[in-house]
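K.L.:
These protein sequence lines map, in sequence, to chains A and B.
Heads up: the first sequence is residues 1 to 476, going by our numbering.
Heads up: the second sequence is residues 1 to 323, going by our numbering.
Honestly, the hints are just simulated from the structure, not real lab data.
Quick caveat, the model's predicted, so the values are computed rather than measured.
Careful: at least some of the hints might be erroneous.
[Claimed, not checked] Chain B stretches covered by chain A per the calculated footprint, using a threshold of three residues with CB under 8 Å from any CB of chain A: (1) 42-56; (2) 109-117; (3) 140-150; (4) 211-218; (5) 221-229; (6) 248-260.
Here a beta-carbon is modelled for each residue, glycine too, at the ideal position from N, C-alpha and C.
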Amino acid sequence: MITAVEGLISELRKIGFPISVSENIDAVEALRFVDLGDREAVKTVLGSVLVKDYEHQSAYEAVFEIFFGLRRLQGVEAPTGQGADGEQRDGDGASVFGAGGAGGGVVDEVDDAGIRELLIQALRRDERLLLQTLARVYVTRHAGIQPGRAVAGTYYLSRTMRAVGPERVLTRLVEDATDEMGAMSVLDHRLLVEDYDWRIKGFRQEVEAEIRRRLVADRGADAVAKTLRRPLPEDVDFITASAEQVTALREIVAPMARKLAAKLAHKRRHKSRGALDFRRTVRKSMSSGGVPIDMVFRRPRPSKPELMILADISGSVSAFAAFTLQLAYALRSEFSRVRSFVFVDGIDEVTDILQSADNIVDVTRQINAEALGVWLDGRSDYGHALDTFWEQHGLELKSRTTVLVLGDARTNYRSPRAAVIKQMSHRAGHVFWLNPEPESIWNSGDSVIAAYAKYCDGVYECRNVRQLRAFIERLG
Amino acid sequence: MTQAPTKAGRGGPAAAEAAVPGGAVSAGMPPLFESAAEVEQSLRGVAYLPDKKIASVVHLADRLHKPVLIEGPAGTGKTELAKSVALMTGAPLIRLQCYEGLDEAKALYEWDYRKQLLHIQMREGELDENASRDLEGELFGERFLLTRPLLAAIRATEPVVLLIDEVDRLDIETEALLLEVLSDFQVSIPELGTITARTQPLVFLTSNTSRELSEALKRRCLYLHIDYPSVAREREIVLARVPGIAEDLANQLTQLMRSLRSLDLKKKPSISETLDWARTLVVLGTAHIDAETLASTFPVLLKNQSDIELAIKELGDHTMARP
Numbered sequence: 001m002i003t004a005v006e007g008l009i010s011e012l013r014k015i016g017f018p019i020s021v022s023e024n025i026d027a028v029e030a031l032r033f034v035d036l037g038d039r040e041a042v043k044t045v046l047g048s049v050l051v052k053d054y055e056h057q058s059a060y061e062a063v064f065e066i067f068f069g070l071r072r073l074q075g076v077e078a079p080t081g082q083g084a085d086g087e088q089r090d091g092d093g094a095s096v097f098g099a100g101g102a103g104g105g106v107v108d109e110v111d112d113a114g115i116r117e118l119l120i121q122a123l124r125r126d127e128r129l130l131l132q133t134l135a136r137v138y139v140t141r142h143a144g145i146q147p148g149r150a151v152a153g154t155y156y157l158s159r160t161m162r163a164v165g166p167e168r169v170l171t172r173l174v175e176d177a178t179d180e181m182g183a184m185s186v187l188d189h190r191l192l193v194e195d196y197d198w199r200i201k202g203f204r205q206e207v208e209a210e211i212r213r214r215l216v217a218d219r220g221a222d223a224v225a226k227t228l229r230r231p232l233p234e235d236v237d238f239i240t241a242s243a244e245q246v247t248a249l250r251e252i253v254a255p256m257a258r259k260l261a262a263k264l265a266h267k268r269r270h271k272s273r274g275a276l277d278f279r280r281t282v283r284k285s286m287s288s289g290g291v292p293i294d295m296v297f298r299r300p301r302p303s304k305p306e307l308m309i310l311a312d313i314s315g316s317v318s319a320f321a322a323f324t325l326q327l328a329y330a331l332r333s334e335f336s337r338v339r340s341f342v343f344v345d346g347i348d349e350v351t352d353i354l355q356s357a358d359n360i361v362d363v364t365r366q367i368n369a370e371a372l373g374v375w376l377d378g379r380s381d382y383g384h385a386l387d388t389f390w391e392q393h394g395l396e397l398k399s400r401t402t403v404l405v406l407g408d409a410r411t412n413y414r415s416p417r418a419a420v421i422k423q424m425s426h427r428a429g430h431v432f433w434l435n436p437e438p439e440s441i442w443n444s445g446d447s448v449i450a451a452y453a454k455y456c457d458g459v460y461e462c463r464n465v466r467q468l469r470a471f472i473e474r475l476g
Numbered sequence: 001m002t003q004a005p006t007k008a009g010r011g012g013p014a015a016a017e018a019a020v021p022g023g024a025v026s027a028g029m030p031p032l033f034e035s036a037a038e039v040e041q042s043l044r045g046v047a048y049l050p051d052k053k054i055a056s057v058v059h060l061a062d063r064l065h066k067p068v069l070i071e072g073p074a075g076t077g078k079t080e081l082a083k084s085v086a087l088m089t090g091a092p093l094i095r096l097q098c099y100e101g102l103d104e105a106k107a108l109y110e111w112d113y114r115k116q117l118l119h120i121q122m123r124e125g126e127l128d129e130n131a132s133r134d135l136e137g138e139l140f141g142e143r144f145l146l147t148r149p150l151l152a153a154i155r156a157t158e159p160v161v162l163l164i165d166e167v168d169r170l171d172i173e174t175e176a177l178l179l180e181v182l183s184d185f186q187v188s189i190p191e192l193g194t195i196t197a198r199t200q201p202l203v204f205l206t207s208n209t210s211r212e213l214s215e216a217l218k219r220r221c222l223y224l225h226i227d228y229p230s231v232a233r234e235r236e237i238v239l240a241r242v243p244g245i246a247e248d249l250a251n252q253l254t255q256l257m258r259s260l261r262s263l264d265l266k267k268k269p270s271i272s273e274t275l276d277w278a279r280t281l282v283v284l285g286t287a288h289i290d291a292e293t294l295a296s297t298f299p300v301l302l303k304n305q306s307d308i309e310l311a312i313k314e315l316g317d318h319t320m321a322r323p
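Same shape as in the complex, but just chain B:
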């Protein structure tokens, strides 16, 4: 909490803080991690298996105090990464789920006008010249401020992880309101002044690339593209997340995934679907995948009839051909 002796109490009009430019806040803050290798170790500790690239970008984000823009196909662990980072640093996760039509009132802050109306009605009797001026001050004080995720992350007194999920769903106009938060970690509220972050949150933005994000937003972020994992990494993930799976099966399964993803499917299977499939196979007690198991369990993996047909045509059916 602050020592600012304002009427409104905690937080207050951060006049003193506003004088400090965003970058200076970081100076006093020790980095969370020593090296990329440490990030990798810690992430593994919370059962997220990163590749080198992911680890070094997270490390860099912490050092440079920059948000990370994560792009990539659906179901490759973009949101999961932010959650895991929160888990491993022990910081609370503040999540802003974006959708079309999200506005300032839902993302930043809002005045609770219902309470304000009530307050005015309560004070109606005693209104004279002086009191009404006081009243105005009260109305736009902390009491009536509803904090939304972005402001909450800025005002947090302890380090937090801020996740702005599916930022590509935001309207182009609304995207601009993120800019101040992301570059300077501050929010300007006309009635209260500028509020600057005391501890810089680690910020992750995820995007499914359903539209092009603005250059201004990209410029402020580090860019991380998470693709489908390599065979080796996916095998590791399967072995870690699916208890009781035999190594041979995991091997074959992940090779199959690569081959499936190279087909021209409408919706390529994601890691989470791989895991579902692996669990299914374990439950069914399969030791080795053959064309028959493939055909009967494809619906776990592929959610589209034409995709299933294509995959069966390519990979399944024709029985033993070579000696």
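Chain A extracted, bound-state conformation:
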């Protein structure tokens, strides 16, 4: 047990969980007070000691399943008696169910169509144990796991789920229910569909868990953990992020913006205190007999900077741009004004679009629909875009303005026209450049970041949410 905990902790640390020695000790200590046969309880207890951040929860769960998943396969099988509280209307289901718990003897002889029928019944009645057994059967028949092959969890999962056909199952379930209950309102129908959808998702998780268990049994926890290792959401690289990861990122960026805004506001207020408020100090000293024990200071009123963001929205860097725009927009209360521009080879202002839509997906859709930022051929041309910006908005730059350029500075071998940045940095207070590419590949190929860097107040690598957050914190 202790070795499993140690493996778990070292894997979590590798991913980037900040686990201290004292938390490590607590984790081992905590296990004394929990029923080790109860996997869920162990998971909760270790989680409450090791994971202190909600955003890290799902990453923790994935790792936990790898290191502790096997226990259920070898150890005590879930108690079969639990099925008694579910209604067993037909004997058929019950017998199969019992056999499944004991090792799946009878279920193995049922053909594919029969299994599907069983699955539908199980889903309708929401029988957890039968679903687990069925997940096992599906994985055995359809995942095609070969021992010793390179680990590829998602491939097995998609193969199995293709055999299950979740859409067809859902349609069947809904049709059966409507046949049974007759007419129903749209609302009820929707609730029904959602409920079944929920159950099917649960089944999918069972399948996923089963595949993971088998991989671990075959290759060992460490190997599986290594190949399935996924970074924490804040460490996901913007450029290589998958669609799934982008959705996950979207979820953490919103609360992060809120926290960041609170922090910046706090910092601004407490940075320095204002002048002594003589009148209020004297008034307060009355209660201590005229002795001014507590000084009262005026609230400081530092001026807020104005932010202008120029975001490259071409191809691969667009995810990065979208997040930064969203973050900057969420922080608008911390700046006297935030203006956003998008460019590819031309440039357009999108401040109003950001203001009217509160969802970044809508914003992206609108920007794409109107082909904003495109001037000629829709291939990046930093020189022309920056030039246009300077012509149209150059005079609006003031000493309180901070200009933020987001992009990889890959300008398709067109002229960078770096002199524009020079002019901008003369007029504006600061010009910063955030580059979503790793610093090691800057200036390779058509990247001309060095030409611009000369005139910027700072050029920063900004590959993930963590770096983005650090930069904004410094900016505020």
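Guided by the hints, dock chain B onto chain A, whose structure is given.
P.N.:
Chain B in isolation, oriented as in the chain A frame:
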């Protein structure tokens, strides 16, 4: 009360106690609960329906003598959990409501300087060399110490439950003053020495995650995230808390809540709002929710015009579509 024969009387400069490190206090204390299942049972006894996770973390907190940091969306029963634990153990609840600008004087202790001034004035006539030294000792004695929630919890002679509510509203600097209390259950007062807890209080901290808490604070706590409840648990809560509600209605209602919370709302409805809504429906005598009831009772659930519009667009209106 202590047997320490100090001038100041009860409590006293806890020199002897200070020698005992925080952990040792726990050794003699029997755990409050035998198992997580017992916690769950007792919480149900006071009409708080916990899930397995909540019960096992509370159990662990009692065994490990660690504070619990509870995070989660507003209105999911974070504060309620602390109150219910106090209720079920029969321990008094000491509550520290955090806000921006809360300082040591409001959280830990304060010298009552008005009384001190009066005291000096009273004794002014008889001051000689000796008396003034005595006076100094008196001034910083128990008589003039105003205990605030944290100190009160530490000094309690019987077990207490300490609730530090909305800890994320504390200033970052003030957060540090919690650290000594939370890890060693002791408070250092320069004039009196260190006061160590005799019985370790169960401590709950709640946070709405309006800002990131410091690593130091998190490290000292167990972490519990209370999310919106699952459909089954919410149904149970509704059935327990709303008298006279039909099971069918509760079923439909909680499924609707799940579907509502999956929408992109500005403010997702909390459990307390679910309960309000359920009560409204019972009063109105609704047996089955349809689009019409939905539209007319949404304001109980959603407090934001754009949210209401979105919800009606998604869930309500279009009448019978399928046969």
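K.L.:
Each hint needs a verdict: does it hold in this structure or not?
P.N.:
Hint check results:
1. 42-56: With 3 residues in contact (Cβ-Cβ under 8 Å with chain A), the coverage given for the region 42-56 of chain B holds.
2. 109-117: holds (count 3)
3. 140-150: It is violated: at least three residues are needed, and the region 140-150 of chain B offers just 0 whose Cβ sits closer than 8 Å to chain A.
4. 211-218: It holds: at least three residues are needed, and the region 211-218 of chain B offers 4 whose Cβ sits within less than 8 Å of chain A.
5. 221-229: holds (count 5)
6. 248-260: Coverage by chain A holds for the region 248-260 of chain B (5 residues, Cβ < 8 Å).
Taken one by one, the earlier hints fail for this structure only at number 3.
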